[in-house]
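K.L.:
Protein chains in written order, with this note's numbering: chain R, 12 to 114; chain Z, 102 to 423; chain U, 1203 to 1423; chain P, -10 to 547.
Any given hint might turn out to be false.
[Unchecked claim] Calculated pairs, BS3-like style, for lysine-lysine (alpha carbon to alpha carbon, straight line, at most 30 Å):
hint : chain 1 : residue 1 : chain 2 : residue 2
1    : Z       : K272      : Z       : K343
2    : U       : K1384     : R       : K33
3    : Z       : K297      : Z       : K275
4    : Z       : K297      : Z       : K410
5    : U       : K1321     : R       : K28
6    : R       : K33       : U       : K1209
7    : Z       : K297      : Z       : K272
8    : P       : K117      : U       : K1384
9    : U       : K1270     : R       : K28
10   : Z       : K297      : Z       : K238
[Stated by the list, open to error] Which stretches of chain U does chain P cover? Using the computed rule of at least three CB atoms under 8 Å from a CB of chain P, they are:
hint : segment
11   : 1209 to 1215
12   : 1370 to 1383
To be clear, the hints were calculated from the coordinates, so they are not data collected in a lab.
Note that the coordinates shown come from a computational prediction; the quantities given were computed from them, not determined experimentally.
By construction, the Cβ of each residue, glycine as well, lies at the ideal position given by its N, Cα and C atoms.
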Amino acid sequence: MRTPLSTLTPADRAQLKQRMRKPVLTFLALLALLAVNVTLGATLPFAHVWAIELGVVALMAATILLVSMEVIEEPPLIRLFSGLGFFWVCIMVGMTLTDYLGR
Amino acid sequence: MTPDHAALQLWPVAASASAVEADELILAFTVLTLVLTVPVFIAITWFALRYREGSEADRSPSGIRSNLIEISWMLIPFLLTLVFFVWGARLFVDSKNPPPDAMVVEVIGRQWMWKFQHPTGQSEINNLHLPIGQPIKLRIISQDVIHALYLPAVRMQVAALPDRYTEMWFKADKVGTFHLYCSEYCGSDHSVMGGKLTLMNPGDYQDWLVHAGAQQGVVAAGRALYEAYGCASCHEPGSPVKAPSLAGLYGSRVALADGRNVVADDEWLRQKILNPNGDKLAGGGKQVMPSFAGRIPEDELNKIVDFIKAYPRPGQSAEATR
Amino acid sequence: MSEGLAKGVGVARAHHFESVAQQREATTLGIWAWLITELLLFSALFLVALILRIQHPEATVAAARHLKFWIGAANTVVLICSSLTMSMAIEFSRMGWQRAMVRAMLATAALGTLFLVLKGYEYYADWDEHMMPFLSSRPFALEETPAARLFVNLYYVATMLHAVHLFTGITLLLGMTWMAAKAGFLSRHQNWIEIYGLYWHFIDLVWILAFPILYVVNRGT
Amino acid sequence: MSASGTIEGAAHREPHAPEATIGRKPDYLHAESTLRSWFFTTDHKRIALLYLASITGFFVIGALAAGVVRLALVVPNGAIMTNDTYNKAFTIHGVVMVWFFLIPSIPATFGNFLIPLMIGAKDLAFPKLNLTSWYVFMTGALFTLVSVVLGGVDTGWTFYAPLSTAFSNTWVLPALIGVTIVGFSSILTGLNFVVTIHTMRAPGMTWFKLPIFVWTHYATSLIFLLATPVITTALILLIAERAFHVGVFDPAYGGDPVLFQHLFWFYSHPAVYIMVLPGMGVISEIVPAFARKKLFGYRFVAYASIGLASVTFFVWGHHMFINGQSDLASLVFSALSFAVAVPSAVKVYNWTATIHKGSLRLDTPMLYAMGYIGLFVLGGLTGLYLATLAINQHIHATYFVVAHFHYIMVGGTVLAFLGGLHFWWPKFTGRMYSEPWGRVSAILIFLGFNVTFFPQFILGYLGMPRRYATYPPEFQLLNVLSSAGATILAAGYIFPMLYLVYSLWFGRKAPANPWDAKGLEWETSSPPPTLNFVSPPEVPRIPYDYPIQATESKDQHR
């Protein structure tokens, strides 16, 4: 319909800026977090660096879920479902580890 | 439940103190089961008769607060059964902690045979002889798939895993012959992967180690191997493949396809098992036997040859090889 | 979600729903239910990776250090970019800017394809360096640590499963772009874009998890 | 289609079709009658019948395999068939019965048909997805049948590595692929149910007005969603293992075969509740209807369904006590397994309390329901024997296990399936079945079942391992008894197949509510119209609004 930027009215520009703010900020945050992880992975500065790396991953995953996938704006039911899978992964991993860490 | 008596028994023989404890546990649990189920069965039947449509019965509300009932029938059976968790767990923990002085028997499972090696070096196939009155620890491993060694007389079974050792221990207190099974499904001949567990007085066990275990056992072990490696399924009379019978083969002259005549001695039998395609037999039969090179360890090959040596000609008594 | 929609943008009600709101709620819940299954599907593989690390720490580290760390990192950047373009497509769809939306969708598909191309190159480089232990005819570079084979093979199963999801996603996206370019699409099927966007973001999320689990955390001892 | 045209067409083809009433739209069975209208239908009721026909076919295949197994075990020495034939027979029996009958049995047929009716919706949320899931099911079934036709599989339905990956010489791959594909069908069905129950309820149909049947199907669907993907992964790894020697389950490369068992049972234990929960739903509908009494403890029964579906994810390790998992894991899994007793007891005692002071009619569905309660109690409690560590060491992998899970699967699920089939048969088909024949076969099945499987408890405690083609001769008597029971059971299965099919053409026409039962599915005609209700149904004040109501605390009436 009306894509070339030059043809946009000031109102359109304002709307575009307002609408694109969140995706772009999310994008930058994800890139920054990835940069941290890649740096840590490439340099291996200290032992047990994996704990920090997994923490960063958790942040990235939370960003995508809550912001990109807009879980934060969804009704409670959807929020419940978005968390349900992760909870069940914890059950699976936790109960399996009772075997592997107990051997 | 001795294999010698084919009659059905109503309760399996318990050959150890822990087996008796397991029996007590299951009997007590059965009492609880009856306590919990019989009222339900009676109630359903009684209600079905009493409250049939059209029957004169008091159907006025009983006025019982249902939350109380609900919570009581949620919790009471649960707590009662938890007693059995604790009881079972205690016996389980005992069964996982062998005393340090236990006699160690090595157990190797393989499709489809068990090999048992006694601490003094003697080994036997499928059958296991053990002394009573002494803790015995079985160290179990598998060479191929997952098996499980199951000794019903001591109420125990443990998986034989291919990648690591598992253990089972018990202290038998009853002399007799009992079943020994594989209880983890392991392929074609799963159901014949087993034999007899013979529990003996310590003196008899020592005797057995010296005499039967070392001497007569070789031929019996060879026969077990002959069956376990599948030789029997083709070479026994009446098998569908109609492979040449091995009865009386040892020491006889064998006509070969190239016109030669050889004596079936130890070395020739060994070579023929390892490389069946060599020395084709006369008579035009098709050679279908697979090579066993690399599949049979040397000591077991010797036992099979020993067995073939002792395999009688048709007409002779077969007792010698049993 | 339905808030902030421009005029003329919306959803046509299917016959068995009572209202558009019900239909939207059902489709959103439906895709989330599907994403739960996707999460568990991949998590089981991640669990296997964890068990391998516990059982064979040295071999797993050796295998992980042999993976193409920088290609994996580059691919993560590519997918984060595609997440951005997908988010933009969703916003454009809500604004009713159909052409911009179609372009953002095409960009997303292009980035997804770039990921697959890079992945293909990575597989080629792995092959070249004898890092394909499942090929029985080809010797394995880490033959001296046999258990490394397990982790490397698990890497192939996990990345191929992810690639299949991405490939399916690109195919669906292109099909939907073709339909979305037609007039009137946004007034009937705007929620398709939202639903699809959730799927795409989630496939990104799976990679965001897979990259560190396969390439990064196992580098350290 | 033109409505009048199809009615005439249907009448020409099928002389016994119900006459079209003037002004009334044709029901879903007669709305269209082309093959195309069946194989491309999106009507949940027609898809349910597609499933019903397919799973009946698989039940027959599985039952024939069971017959082969029972035949072989008449003699102890394996003289009737080779060990390999026996192994293939029990594997086919297990694979077909578990994945192609039990798991889809009640959800994909009754659930598909009834959930929209019970909640007052026109269809499931995703009708096309529903049809897709049937095609996915049939595709998976095709692969499995190919493996059977080519020569069978001998790994057991559990597919334990490394037997299935490195040692079996049978057609394992097509069977694995088939089972993997069928998983997707389960997932799609579960997804559809979850979304439908959440979003498609009629106005006023709140959660605590839903029939327990819907609650149990909701719980089942959650298990479909949360458990099935894990076995998909496990099977994908197994396929990769067999085809490419990936190694993660292969000890030859340092892999761990026990890990496969963990992934397998993470799904397959909850799968038991996929089979059991829908049956509990069926019983919870039948019992109040034939006792003319409100279901006792409605809220507790509803919560117990969700409780069972959750607890079941914490107990899978009780299948692996002797399989080399750590002692810690065994203790934890054993303790948690006892928690399953709580929600199970809630169900059983509440059904019994519902019968108390009711006004009972012992028609066929009620006979099945009462049989179910008795057999499920026995099956459930013997499950606790197996969860007790010290007992498990003796009876693990014996016939005790076989008896236990047949009490749950056959005594539970199959009886509930047959009870539900008779209960809703008038609704499905618009015809009544023959009540005397129904009662006779219900009693035959109950007797035949017990004669078949009770001796197996004894065999198991005496120490007869399962999956044995040959066995020590002292066990022959009990095995012959069991095989004799199986023939009675088979007769009990054959009767319904005959009289139910007969009723399709010659049965009495069913009224909308032949049992005078409550629930929205009885508010519409039998069989229902294509969009289920002619006018929007009125949601009742309370669920199970039967004439007799016990005094319960107030919160349960709401």
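K.L.:
Are the Cα atoms of K1321 (chain U) and K28 (chain R) separated by 30 Å or less?
P.N.:
Violated: K1321 (chain U) and K28 (chain R) sit about 34 Å apart, past 30 Å.
K.L.:
Checking one constraint from the list: CA of K297 (chain Z) to CA of K275 (chain Z), max 30 Å. Satisfied?
P.N.:
Between K297 (chain Z) and K275 (chain Z) the Cα gap is close to 15 Å, so the pair holds against 30 Å.
K.L.:
CA of K1270 (chain U) to CA of K28 (chain R), is that 30 Å or under?
P.N.:
The given pair, whose Cα atoms are some 38 Å apart, is violated under the 30 Å limit.
K.L.:
Checking one constraint from the list: CA of K117 (chain P) to CA of K1384 (chain U), max 30 Å. Satisfied?
P.N.:
holds, 23 Å
K.L.:
How does the segment 1370 to 1383 of chain U fare against chain P when you require at least three residues with a CB closer than 8 Å, holds or violated?
P.N.:
It is violated, with 0 qualifying residues against the three required.
K.L.:
Can you confirm whether the C-alpha distance between K33 (chain R) and K1209 (chain U) stays at or below 30 Å?
P.N.:
Satisfied, since the Cα-Cα distance of roughly 22 Å is no more than 30 Å.
K.L.:
Does K272 (chain Z) sit within 30 Å of K297 (chain Z), going by the straight-line distance between their CA atoms?
P.N.:
holds, 17 Å
K.L.:
CA of K1384 (chain U) to CA of K33 (chain R), is that 30 Å or under?
P.N.:
holds, 28 Å
K.L.:
Can the restraint linking K297 (chain Z) and K238 (chain Z) be considered satisfied, given a maximum Cα separation of 30 Å?
P.N.:
Holds, because 18 Å separates the two Cα atoms, which is no more than 30 Å.
K.L.:
Need the status of pair K272 (chain Z), K343 (chain Z): alpha-carbon distance at most 30 Å?
P.N.:
violated, 46 Å
K.L.:
Does the structure keep K297 (chain Z) and K410 (chain Z) at a Cα separation of 30 Å or less?
P.N.:
Distance ~25 Å between K297 (chain Z) and K410 (chain Z) Cα, so the pair holds.
K.L.:
If you count the residues of the segment 1209 to 1215 of chain U with a beta-carbon closer than 8 Å to a beta-carbon of chain P, do you get 3 or more?
P.N.:
violated (count 0)
Going through the hint list in order, the structure does not satisfy hints 1, 5, 9, 11, 12.
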